[in-house]
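Novice: Sequence:
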Amino acid sequence: PSCVSDCNCHPAGVVAGFAGCGSVPAGELCQCKDRVEGRICNKCKPLYWNLNRNNPDGCEECNCNKTGVLGGIAVCDTDDGQCVCKPSVIARGCTECADGTYDMREDNLFGCTDCGCDVGGSVSNICHKTTGQCPCQSRVTGRTCKEPLQTHYFPTLYQYQYEVEDGRTP
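Residue numbers (the UniProt record's numbering): 1 to 170.
Just so you know, the hints here were simulated from the structure itself, not pulled from any lab data.
It is possible that part of the hints are untrue.
What the hints assert, rightly or not - Lysine-lysine pairs mimicking DSSO-like chemistry, simulated, CA-CA at most 30 Å apart: (1) Lys66 x Lys45; (2) Lys66 x Lys43; (3) Lys129 x Lys146.
Claimed, not checked - If you anchor each label on the Cβ, the simulated ranges turn out as follows: (4) Leu70 x Val164: 54 to 62 Å; (5) Thr95 x Phe154: 48 to 56 Å; (6) Gly100 x Thr151: 28 to 36 Å; (7) Pro46 x Gly142: 41 to 49 Å; (8) Arg39 x Asp107: 19 to 27 Å; (9) Asn108 x Gly142: 18 to 26 Å; (10) Glu106 x Pro135: 46 to 54 Å; (11) Leu29 x Asn52: 16 to 24 Å; (12) Leu70 x Ala16: 34 to 42 Å.
None of the values given here were measured: they were computed from a predicted structure.
Ideal Cβ placement from N, Cα and C applies to all residues, glycine included.
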């Protein structure tokens, strides 16, 4: 019988060449790798995830993007590595703005700014993630697609003529 199985130590979490239960200080059961914790070396320490036998440290770093995480704390789920992102930030490491937002900033509580694409002038409310440029309809321009091209105009209520006398009611 192996020393790891006698102590019930997690094989991925113990150091290579672990000599067994009797080789550790009193009160400890297993000798964990650097980034591993728990009585039987079965959990990644905070800021680490993905316990793996082939990793000499036991777990990988979270690698959370500090600009995109909530509260500036780069902690992640120890199983799937998902960082705790700000509301408008996505991806495992909080590295991308969600659709409909752009310009990730550390001082923005939501993480990214709303695109603000004009409903009538843009093709979609999803803008470029860095510049915030919305996809405009033809002959429409501007970051949010609110301005007509030069020599063009948007008709307003002043350009429409309605005759109330021609209206009908049911």
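Novice: Any hints this thing doesn't respect? Which numbers, in order?
Specialist: 5, 8, 10
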